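Q: Below are the chains, spelled out letter by letter.
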Amino acid sequence: MLYYFSFRAIQNNIGDMLNGLGLGLFMGVISLSFGIILGLIFAFAAVSSNRALNNIAILYTAFFRNTPLLILVFITYFGLPEVGIMMERTISFIFTLSLYAGAYMTEIFRAGLQAIPKGIIEAGQAIGLSRFHICWNIQLPIMFRYVLPSMSNSLISLFKDTSLAAAVTVPELTYFARKLNIETFQMLEAWGTAAFLYLVTCYLLSYLLRKLEHKLRIE
Amino acid sequence: MNTAALAFFAIIIGTTLGILFGFILCYGNKYLKFPFRLFVDIIRGIPGLVTIFSIYYILGFLLSGLGINLTNLQSGIIALSALSTAQVAEITRGALQSIPKGQIEAGKTIGLSFDKIFVFILFPQVILQIIPPWINTATEMTKGSTLLSLIGVSELLLTAHQLVATFGSALPYYMSVGLIFFLINTLIQLFGKLLEKKSSYYQ
Numbered sequence: 002m003l004y005y006f007s008f009r010a011i012q013n014n015i016g017d018m019l020n021g022l023g024l025g026l027f028m029g030v031i032s033l034s035f036g037i038i039l040g041l042i043f044a045f046a047a048v049s050s051n052r053a054l055n056n057i058a059i060l061y062t063a064f065f066r067n068t069p070l071l072i073l074v075f076i077t078y079f080g081l082p083e084v085g086i087m088m089e090r091t092i093s094f095i096f097t098l099s100l101y102a103g104a105y106m107t108e109i110f111r112a113g114l115q116a117i118p119k120g121i122i123e124a125g126q127a128i129g130l131s132r133f134h135i136c137w138n139i140q141l142p143i144m145f146r147y148v149l150p151s152m153s154n155s156l157i158s159l160f161k162d163t164s165l166a167a168a169v170t171v172p173e174l175t176y177f178a179r180k181l182n183i184e185t186f187q188m189l190e191a192w193g194t195a196a197f198l199y200l201v202t203c204y205l206l207s208y209l210l211r212k213l214e215h216k217l218r219i220e
Numbered sequence: 005m006n007t008a009a010l011a012f013f014a015i016i017i018g019t020t021l022g023i024l025f026g027f028i029l030c031y032g033n034k035y036l037k038f039p040f041r042l043f044v045d046i047i048r049g050i051p052g053l054v055t056i057f058s059i060y061y062i063l064g065f066l067l068s069g070l071g072i073n074l075t076n077l078q079s080g081i082i083a084l085s086a087l088s089t090a091q092v093a094e095i096t097r098g099a100l101q102s103i104p105k106g107q108i109e110a111g112k113t114i115g116l117s118f119d120k121i122f123v124f125i126l127f128p129q130v131i132l133q134i135i136p137p138w139i140n141t142a143t144e145m146t147k148g149s150t151l152l153s154l155i156g157v158s159e160l161l162l163t164a165h166q167l168v169a170t171f172g173s174a175l176p177y178y179m180s181v182g183l184i185f186f187l188i189n190t191l192i193q194l195f196g197k198l199l200e201k202k203s204s205y206y207q
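Chains C and R, in that order, give the protein sequences. Note that the numbering used here gives residue 138 to position 137 of the first sequence, counting from 1, and the numbers run on in steps of one. Note that the numbering used here gives residue 144 to position 140 of the second sequence, counting from 1, and the numbers run on in steps of one.
Treat each hint with caution, since some may be false.
30 Å max Cα-Cα, derived DSS-like pairs, lysine-lysine [as the list claims (entries may be wrong)]:
no. : chain 1 : residue 1 : chain 2 : residue 2
1   : C       : K212      : R       : K112
2   : R       : K34       : R       : K105
3   : C       : K212      : R       : K37
4   : R       : K105      : R       : K197
5   : C       : K119      : R       : K197
6   : R       : K34       : C       : K119
7   : C       : K119      : C       : K216
8   : R       : K105      : R       : K202
9   : R       : K112      : R       : K37
10  : C       : K212      : R       : K105
11  : R       : K112      : R       : K197
12  : R       : K34       : R       : K112
13  : R       : K105      : R       : K201
Please keep in mind that the hints were generated in silico from the structure rather than gathered at the bench. Just so you know, these numbers come straight off a predicted model, no measurement behind them.
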């Protein structure tokens, strides 16, 4: 069993891999932004007094959380063109991941919204704030500080899910690692570098998010 | 059918090993903790797909040097077990650390030895706390079994893929597979809620 560890392989391909990581971060940021927006919308739908909205939100959350992301990606990329909706690979992946992230965010935001003491909302109503102002000035800031820990967790694990883009050949870090592996059989270099890059990125992300938590903490 | 067996074995192995690791992570001394901490942090820090590919290629290569040839299915089970072990270890560690130290001290004052303390005091409380996140892990493992189709394990998604290649119409196959997984996972979630209800009866 002979294995020649060569730094050459890493040297030649590190540019591609870093590009892939950049694309992963890019896709992650866009999907997560859309996911947060969707999450907010559906979370308010889930806690509203309208039964229809409640059910829609519950259905959305349950479907997108229980179905594997890979299947969702395949449905969007391979299946939708048959009904006429054609999207380029990266865009279809961002679309899918946004919907997927939205479901997770809905759960988190819903829990956050339900944890706000009713008294505070009633106080706002007593002063005469409109629905919109109560939502924007009271509920959102409180909910945001409350959910930040679990949201950070979800954000990091959703960033790791961008690696699934490699399954539809989006030029992502995992895709390049696999390409390097298949072409040169330098497995340790390929997967070691990929793992290292992911670990460093996730560590940095969690560090930044923890600093944000610390700054926003109510003293 | 492979999907079910895969996820099932991975969950069982992962849960048993995971609880063990979590226990070590919480109560072990510095040197004992280190390799387990490394294992859990690395596996939780890299995407599941990367773990699966790494174990398939690297472990497969190492073992083939020793003469053991791993089939796709076996590497898949090893990879999923590693993933679930890391998850369950973190869950267990969190649950164990959240039990007030006073409980352990109370047990010691009555004169129980450590293993008796664990069985009578810690374990029942830990089990209750672990159930919701564990159901989550079970769901994630079922979803993770679809990732194994990318290394050629013949499971549900791969079969659907092959059917699509044969018949050329993608949407119905993928959607039905999606629905199947949705149903399985919803059943798991409902089972979890049932467990929670039954266990909270004793609170």
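Q: Hint by hint, say whether it matches the structure.
A: For each hint, the structure was consulted:
| no. | hint | in the structure |
| --- | --- | --- |
| 1 | K212(C) x K112(R) | violated (39 Å) |
| 2 | K34(R) x K105(R) | holds (19 Å) |
| 3 | K212(C) x K37(R) | holds (27 Å) |
| 4 | K105(R) x K197(R) | holds (29 Å) |
| 5 | K119(C) x K197(R) | holds (26 Å) |
| 6 | K34(R) x K119(C) | violated (46 Å) |
| 7 | K119(C) x K216(C) | holds (26 Å) |
| 8 | K105(R) x K202(R) | holds (27 Å) |
| 9 | K112(R) x K37(R) | holds (24 Å) |
| 10 | K212(C) x K105(R) | holds (29 Å) |
| 11 | K112(R) x K197(R) | violated (35 Å) |
| 12 | K34(R) x K112(R) | holds (23 Å) |
| 13 | K105(R) x K201(R) | holds (27 Å) |
Of the hints listed earlier, those the structure fails to meet are numbers 1, 6 and 11, in rising order.
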